[in-house]
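I would like the entire structure built from these sequences, with the hints used as guidance.
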Amino acid sequence: MRSKKVINLVKMMSSALGLGYLLTSLAFAQEINCSHQKSTALKTVCSSAFQAQKQKLEAQAITAYMVTDAPLRLLQDTHVIWLRQLQRCKYQSCFQQQIDLRTDQLNFFASLNQSLTQHYLKVENGELAQKPIHIQIHRLNKNNIKIEGIAYLNPNNKLEKQNLSLLAYSTPAQKSDIIDNNNDCKYHFKYSKAYLSVSSDQKGCEIFLGTYRLYD
0 MRSKKVINLV KMMSSALGLG YLLTSLAFAQ EINCSHQKST ALKTVCSSAF QAQKQKLEAQ
60 AITAYMVTDA PLRLLQDTHV IWLRQLQRCK YQSCFQQQID LRTDQLNFFA SLNQSLTQHY
120 LKVENGELAQ KPIHIQIHRL NKNNIKIEGI AYLNPNNKLE KQNLSLLAYS TPAQKSDIID
180 NNNDCKYHFK YSKAYLSVSS DQKGCEIFLG TYRLYD
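Read in numbering that gives the first Met the number 0, the sequence shown has 86 at position 87, and its numbers run on one by one without any break.
Don't take each hint at face value.
Straight-line Cα separation of at most 30 angstroms, DSS-like style, residue types lysine-lysine; simulated pairs [to be verified]:
#1 Lys141 / Lys160
#2 Lys174 / Lys189
#3 Lys202 / Lys192
#4 Lys89 / Lys145
#5 Lys157 / Lys53
The hints are simulated quantities; they were obtained by calculation from the structure and are not laboratory data.
Here it is, written out as C-alpha cells:
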C-alpha cells in the first residue's frame, strides 16, 4: 500500500513538473526573440537601454502563465496584438510605454479571477483584426455586469489618444442592448457559442462594430 502511494505521489510530482516546464516554455515563446532582429523596432527593444524593462516583462510573463486562470490562447493572442503595436513604434517613449502596458496586462491576467470575465478579441475572416479591439465582460455580482472595450490606435500618439474605450454597466438579463457611458453610443450585442457580434445604427459609433472571438 505504501509503495503504491509513493508511486502515485511521484506521478503527481512528475505531472506538475512537466506542466510547469510546458508553461514556462510557452511564456518564453511569447517574449521578444532578440536572436533575430529583423526590424528596427526589435533592434531598439533588444538594446541595452531596455534590458531592465525586458527582464521585468519576461518575469511577469512566466508568472502569468504559471498562475493565471485565463485561457492560455488569450495570453498568446494578446501577445500577437501587442507585438504588432510595438513594431509600429517610432520613438523611445513609445517602446517604453508599450513594454509597460504589456507588463501591466500580464499582471492583470495573473492577479484577478479571470473566471468571472469573458474575453473577446475582434477578428476578420477568422484572423485577429489588423485594427485590434479587446472587449471584456466582467461579472461584478449575480445581478450586475461591467462591459469594457479598448480599441488600440496608433501607439505613437499622445498617451491619451493611443486608444478608444467603451464602458457600460448592465445586468446578465439585459446584456444585449447596451449604452456606452463614454459617448452614449447604443450597441446591440449578439452572442453565440464562440463569437460576439456588435452592431449599431448610430453614426460615429462604428469603431467597435464587428465580430469578436470568445476566449474561454
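How the hints compare with the structure:
1. With a CA separation close to 34 angstroms, the supplied pair Lys141 and Lys160 exceeds the 30 angstroms bound.
2. Our distance criterion of 30 angstroms between C-alpha atoms is met by Lys174 and Lys189, whose separation comes to about 9 angstroms.
3. Only pairs whose Cα atoms come within 30 angstroms are accepted, and Lys202 paired with Lys192 is accepted, the gap being roughly 29 angstroms.
4. A hinted pair counts as satisfied when its Cα atoms are at most 30 angstroms apart, and Lys89 with Lys145 does not qualify at roughly 35 angstroms.
5. The straight-line distance between the Cα atoms of Lys157 and Lys53 is roughly 23 angstroms, inside the 30 angstroms bound, and the hint therefore holds.
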